[in-house]
Amino acid sequence: MLTLQCPYCGVWAEETELHAEGEAHLKRFGPGSEDEAFEGYLFMRENPKGVHFERWRHSNGCGKFFHAARSTTTLEVFGTYSAQTLEPPQEIKDKISAKYPGWSWREFA
Amino acid sequence: MSNVVSALNGVSQSGIALVEETGLRGMITVRGDLASKPMAKALKDVLGASVPEQRQIASGEKGAVAWMSPDELLVICDHGAAEDIIASLNAALAGEHVLVVNVSDARAVFKVSGECAREVIAKLAPVDLAPGAFEPGMMRRTRFAQVAAAFWMNDDGSFEIICFRSVARYVFDLLCVASVDGSEVGFFN
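Protein chains in written order, with my numbering: chain A, 161 to 269; chain B, 289 to 477.
Hints were generated in silico from the structure; no laboratory data involved.
All C-beta atoms, glycine included, are put in the ideal place defined by N, C-alpha and C.
You may find that some hints are simply not true.
Some chain B residues flagged as far from chain A (calculated, every beta-carbon gap over 10 Å) [stated by the list, open to error]: (1) 328; (2) 356; (3) 358; (4) 360; (5) 469.
Examples of chain A residues toward chain B, derived with CB under 10 Å [claimed, not checked]: (6) 165; (7) 168; (8) 170; (9) 172; (10) 173; (11) 175; (12) 181; (13) 182; (14) 194; (15) 219; (16) 222; (17) 224; (18) 231; (19) 233.
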């Protein structure tokens, strides 16, 4: 079972205390944007084998959203971080690079 | 005036631990900047309590203050005193960006006491309840089986659990099943 540390309340919460909220770092394209960009925002999701960035919510706890970086193949968690950011912190990127040199995910590498 | 009643009217059951509904309890949600000086001063002046550390519960003369999230506290007090405390907190925090709301009647409170209290809680919540990992003065928001709940531990080793009033019967039944006679696991002893 997946256990993530909520960066807001510090609890090591197991999966049943959390709710998966889809992909992290989505850039919103709203009314007035190009059709292609809007479609991408609504429907196009990463489905990687390996490094992935997700949004989670500590729903049965402090109720805050946060981000998690993990591997979909090994279930290894590289870390969790605040949702008030547009990209993963360098420290987490470094951790992933140590394990998966040359990784990339959307615009991050 | 209408007669205020608690969710389950004080039911109790005794098994490997004593499970009781504690009856009416005042509860006030306070949201705002917990690190701010006016917040610390308001809690000190009104309740005689300090701002609790992360996942802790701090007690004062007029009530306890529990840490709910990085911007939320729960004041636990006498049911009849809640409105006065809200007025005092609002006055003390005038001009600050805060929210002080009476949520007393939205919730039910249970108490689990006895030697096996730890075990009863551990059967229901995904929380490390080993002595040392969970101690008096700690507050934990989590789930009990399928519903959200929060609990803290008192100095005498008993636990108090809060949940939404609408699921009070469910939580009481859960606690009763988890504390049925002969269901000791002995994991913490």
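Verification of the supplied hints:
Consistency note on residue 328 (chain B): stated as away from chain A, and its beta-carbon is indeed over 10 Å from all of that chain's, at 20 Å minimum. Distance check for residue 356 (chain B) against chain A: the nearest CB is about 7 Å away, which does not clear 10 Å, and the non-interface claim fails. Here residue 358 (chain B) does not stay apart from chain A, with its beta-carbon only about 5 Å from theirs, under the 10 Å limit. Its beta-carbon lying about 8 Å from the closest one in chain A, residue 360 (chain B) breaks the requirement of being farther than 10 Å from that chain.
Listed as outside the interface, residue 469 (chain B) is consistent with that label: its C-beta sits roughly 28 Å from the nearest C-beta of chain A, beyond the 10 Å cut-off. At about 13 Å, the closest approach between the beta carbon of residue 165 (chain A) and any beta carbon in chain B exceeds 10 Å, and the interface hint on this residue is violated. Here the hint on residue 168 (chain A) is kept, as its CB sits about 5 Å from the closest CB of chain B, short of 10 Å. Checking residue 170 (chain A) against chain B by beta carbon gives a least distance of about 6 Å; that is within 10 Å, so the hint holds.
A least Cβ separation of about 8 Å between residue 172 (chain A) and chain B falls short of the 10 Å threshold, and the interface hint therefore holds. Interface restraint check: residue 173 (chain A) against chain B, minimum CB-CB distance 8 Å, threshold 10 Å, status holds. A cut of 10 Å between beta carbons decides the hint on residue 175 (chain A): the least distance to chain B is about 9 Å, and the hint holds. Interface restraint check: residue 181 (chain A) against chain B, minimum CB-CB distance 17 Å, threshold 10 Å, status violated.
Checking residue 182 (chain A) against chain B: minimum C-beta separation of about 21 Å lies over 10 Å; hint violated. Hint status for residue 194 (chain A): violated, given a least beta-carbon distance of 37 Å to chain B, over 10 Å. Look at residue 219 (chain A): its Cβ gets to within about 8 Å of chain B, closer than 10 Å, so that hint holds up. The interface hint given for residue 222 (chain A) is met, as the beta carbon of that residue sits about 4 Å from the closest beta carbon of chain B, less than 10 Å.
Contact between residue 224 (chain A) and chain B, as hinted, is supported at the beta carbon level, the nearest pair being about 6 Å apart and thus within 10 Å. Interface restraint check for residue 231 (chain A): the shortest CB-CB distance to chain B comes to about 23 Å, outside 10 Å, so the restraint is violated. Here the hint on residue 233 (chain A) is broken, as its CB sits about 25 Å from the closest CB of chain B, past 10 Å.
Hint compliance for this structure: hints 2, 3, 4, 6, 12, 13, 14, 18, 19 are broken, all remaining hints hold.
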